[in-house]
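Engineer: Sequence:
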Amino acid sequence: MEYMGTKEAAEKWGYTQATISKWCRQGKIYLVVKPEKRGGQWQIPVNAECPKQGKGKKPL
144 MEYMGTKEAA EKWGYTQATI SKWCRQGKIY LVVKPEKRGG QWQIPVNAEC
194 PKQGKGKKPL
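For the sequence shown, position 8 matches number 151 in my numbering, and the numbering has no gaps at all.
Since the hints were derived computationally from the structure, they do not count as laboratory data. A quick note: this is a predicted structure, and the numbers were derived from the prediction, not measured. Worth double-checking, as some hints may not be accurate.
To be verified - Quick list of in silico lysine-lysine cross-link-like pairs, DSS-like style, CA-CA up to 27 Å:
| # | residue 1 | residue 2 |
| --- | --- | --- |
| 1 | 177 | 155 |
| 2 | 150 | 177 |
| 3 | 165 | 150 |
| 4 | 150 | 171 |
| 5 | 150 | 195 |
| 6 | 177 | 165 |
| 7 | 180 | 155 |
| 8 | 155 | 165 |
| 9 | 165 | 180 |
| 10 | 171 | 195 |
| 11 | 155 | 171 |
| 12 | 180 | 150 |
| 13 | 195 | 165 |
| 14 | 195 | 155 |
Model the full assembly from the supplied sequences, consistent with the hints where possible.
Structural biologist: Encoded structure:
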């Protein structure tokens, strides 16, 4: 499986890197590899879908 970091996911989905990291911590992105297992950085599958947001939330 191929992975991307939070920076790449942020660029791909149009959100900030901080938001992507928060979603990883909250378990909103599926199949994420935790930082301690991948050199201190979140690893997100390249085919992962962007979590849906509630009312009034828009990407950057």
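Engineer: None of the hints should be skipped; say for each whether it holds.
Structural biologist: A quick look at each hint next to the structure:
Proposed proximity of residue 177 and residue 155 is supported: the alpha carbons are some 20 Å apart, at most 27 Å. A hinted pair counts as satisfied when its Cα atoms are at most 27 Å apart, and residue 150 with residue 177 qualifies at roughly 15 Å. Among the hinted pairs, residue 165 with residue 150 is consistent with the structure: their alpha-carbon atoms are about 13 Å apart, no more than 27 Å. Restraint check: the Cα-Cα separation between residue 150 and residue 171 comes to about 17 Å, which is no more than 27 Å; the hinted pair holds.
The straight-line distance between the Cα atoms of residue 150 and residue 195 is roughly 19 Å, inside the 27 Å bound, and the hint therefore holds. For the suggested pair residue 177 and residue 165, the alpha carbons sit about 12 Å apart, so the restraint of at most 27 Å is met. For the suggested pair residue 180 and residue 155, the alpha carbons sit about 23 Å apart, so the restraint of at most 27 Å is met. With a C-alpha separation of about 16 Å, the suggested pair residue 155 and residue 165 falls inside the 27 Å cut-off, and the hint holds.
For a cut-off of 27 Å, the pair hint linking residue 165 to residue 180 stands: about 18 Å separates their Cα positions. For the proposed pair residue 171 and residue 195, the alpha carbon gap of about 9 Å is at most 27 Å, so the pair holds. About 16 Å separates the Cα atoms of residue 155 and residue 171, which keeps this hinted pair within 27 Å; it holds. A hinted pair counts as satisfied when its Cα atoms are at most 27 Å apart, and residue 180 with residue 150 qualifies at roughly 18 Å.
A threshold of 27 Å between alpha carbons decides the hint, and for residue 195 with residue 165 the separation of about 14 Å falls inside it, so the pair holds. About 14 Å separates the Cα atoms of residue 195 and residue 155, which keeps this hinted pair within 27 Å; it holds.
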